[in-house]
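Please put together the full structure from these sequences, using the hints given.
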Amino acid sequence: MAIDLPAASRPAHVPFYNNPKVRSVVYQIALCAVVFGLVYGAINNAIENLQRARIASGFGFWNNTAGFDISQTLIEYTSQASTYGRAFWVGLLNTLLVAGLGVVFATILGFVIGIARLSKNWLLAKVASGYVELIRNIPLLLQLLFWYNAVLKTLPDIRDSIIISGGGFLNNRGLFLPQPVFTSGFGMVEIAFILGIVAATAFCIWARKRQMETGQQAPVFLVAFGLVIALPLAVCALAGFPVDFIFPEKARFNINGGIEVLPEFAALLVGLVIYTAAFIAEVVRAGILAVSRGQTEAAYSLGLRPRPTLRLVVVPQAMRVIIPPLTSQYLNLTKNSSLAVAVGYPDLVQVFTGTVLNQTGQAVEVVAVTMAVYLTISLLTSLAMNIYNTRIALVER
Amino acid sequence: MKRVVTTLALAAALGLAASAASAQTLNTVKTRGILNCGANGTLAGFGLPDAQGNWTGLDVDFCRALAAAIFNDPKKVKFVPLSAKDRFTALQSGEVDVLARNTTWTSSRDTSLGLNFTGVNYYDGQGFMVRKALKVNSALELNDASVCVQQGTTTELNLADYFRANKMKLKSVTFATANEALKAYEAGRCDAYTTDASGLFAERLRLANASDNIVLPEVISKEPLGPSVRHGDDQWFDIVKWVHYAMINAEELGITSKTTDEALKSSNPDIRRFVGTEGNYGEQLGLTKEWAVHIVKHVGNYGEVFERNVGQGSPLKITRGLNNLWTKGGLQYAPPIR
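Chains G and Z supply the protein sequences, listed in that same order. Read in order, the letters of the first sequence correspond to residues 1 to 397 in the numbering used here. Read in order, the letters of the second sequence correspond to residues 1 to 338 in the numbering used here.
Honestly, I wouldn't trust all of these hints.
Partner residues aside, some chain Z positions facing chain G, computed with beta carbon under 8 angstroms [to be verified]: (1) 156; (2) 166; (3) 174; (4) 175; (5) 179.
Partner residues are not named here, just some residues of chain Z that face chain G (Cβ under 7 angstroms, in silico) [stated by the list, open to error]: (6) 26; (7) 88; (8) 89; (9) 112; (10) 140; (11) 145; (12) 160; (13) 164; (14) 165; (15) 168; (16) 172; (17) 173; (18) 191.
Everything labelled a hint here was simulated from the structure, so no lab data went into it. For glycine and all other residues, C-beta sits at the position ideal for the given N, C-alpha and C.
Structure follows, in structure tokens:
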């Protein structure tokens, strides 16, 4: 190759403003300056305009008394003593509750449906694909309205409640169940439970080590189950079941006491779980189909039985394909929980961007905080899933 | 979604708007050729479109009167239906020029939301509706009851206050719109439904079995309902305020939509000032000489508007009560035009 030597040394004579590296740095600094300038100008202008229109601004409202009631509170909240800040936390916890439970149930249901779609049983496979096609093609909002208005509201009136044996009630104001209260002596059960977990973990480590050394397998699942579940139950029975129940009781208007599951909560949770499960099912199906048939055949030819093949060969490889889109579904579910406002469930959006915004009139601050909260929840979920993804990702050598 | 859009609009309006003084509402409305009026879209008697899209209601007629005063044409109004929690943002962001949506005048709304209330076009108070079968005769018997309520209203706050003050336990269930709250009450989700008394009468008629429900006698709060405008435009504030006063003065002077022609020939100095045959009171407002005549001719005086929308001429059949003229034992009183 003919290389012109003087040309190779030419860069030394290029003026700095023609140097691509310098140029790109300058452009980026200029772009950042413009963006920051615009944002700064917009914020300043907004503050100035708010002041001119004499609209209250700032976060002074955070510690003011809220004065309104919330139907479901996981932390103590009263209309006369609690602040707008407290109302924010109540709303946030309600959002996290429905999103957390939603993620768990949607994952379970989604995996079941996804695997059912691949089943060799014709009927099961068709029912599962029918479910997916029906559910994921109807807007979530309509489904929520359906569950709330068409299903839960048509339950019997409170005076004709369905009585659940064991002291529960079901009516159009919710599900009322006895609440367990642990009396003295329950500490023993807790200790047994913790001991069980420690022992089970130790057994697992031992069993793995032995398998590495000798190739012999131990009944890990049975032993762990016995230690974690059966042992505390046995201790509980020996201590004479130290648990009392607070039973829900009918008062003049309502049913009081016990555990109360609001229909608004139930409608939102059921709607979110059923909707998201349809998408998760597709993700799971795609993940399993992505593992080539040759992997299974290779496992069989090595003498592995179908179940260990699924557990040790197919699923670990499928998870690599499943996790990234599954993360998106978790994020979607969390964000979709803000549709709570349509069924009157007091989530963050309903309580904070609804009532608090309206009572204080500080739309800019309230909406900014809410957006920041959803962003934080989403980024944290994403981070956790990415860490998990890195752990199970294909290790390339 | 609507909420997010309005809020973004507000943020954009606040963040990007050149900081021009907004004392231009009248000019803006005149140039646009139509008045944007924030109204209730679901409350019979105050603001409700029918199947053909014709709006009726006390607040709706107030906006028509404002349009009549500006354009001599009550049809030059675009009604923007707003939910209770979106209404202030819509006014702040300039989406509407005036908010006439049965809104309670309170000190905090007047001072911290960037808006001014222009008067009281309906004196109201909050009440409760329950099913007759419950055999409740007083709101004080509602201890431990579930109450359906609309979000973002003074109603929501009064409800908590009333139960707290009377040491009663409350289970409130809040909904974004009055429609949803009423539907939930009708389905038996709540024992009681609460809103302003005028609203209770209107909502009761929408129930499938209206006669199975009663409105309890207690009125638990003061709810002076009135139109509001943005801070910072005194001329527009004056106009909206005086449209209301003109309607009351018209009733007091005995001028109705049918008698405006006679009023124009009247020799009574009060009436002559009102109709503009004497003085230039309309021009002082930035309107025409006949501004008040246009209001009464096209829309009517306060009494006519009241009876047509919520009074004896309407299905609601609410008596004038506090909303009668001051000369007849009510609270409606207007400063004189002079």
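Going down the list of hints, with the structure as the test:
no. : hint : result
1   : 156  : 5 angstroms, holds
2   : 166  : 13 angstroms, violated
3   : 174  : 6 angstroms, holds
4   : 175  : 5 angstroms, holds
5   : 179  : 12 angstroms, violated
6   : 26   : 18 angstroms, violated
7   : 88   : 6 angstroms, holds
8   : 89   : 5 angstroms, holds
9   : 112  : 4 angstroms, holds
10  : 140  : 13 angstroms, violated
11  : 145  : 4 angstroms, holds
12  : 160  : 4 angstroms, holds
13  : 164  : 5 angstroms, holds
14  : 165  : 9 angstroms, violated
15  : 168  : 11 angstroms, violated
16  : 172  : 4 angstroms, holds
17  : 173  : 5 angstroms, holds
18  : 191  : 5 angstroms, holds
Violation of the numbered hints given earlier is confined to hints 2, 5, 6, 10, 14 and 15; the remaining hints are satisfied by the structure.
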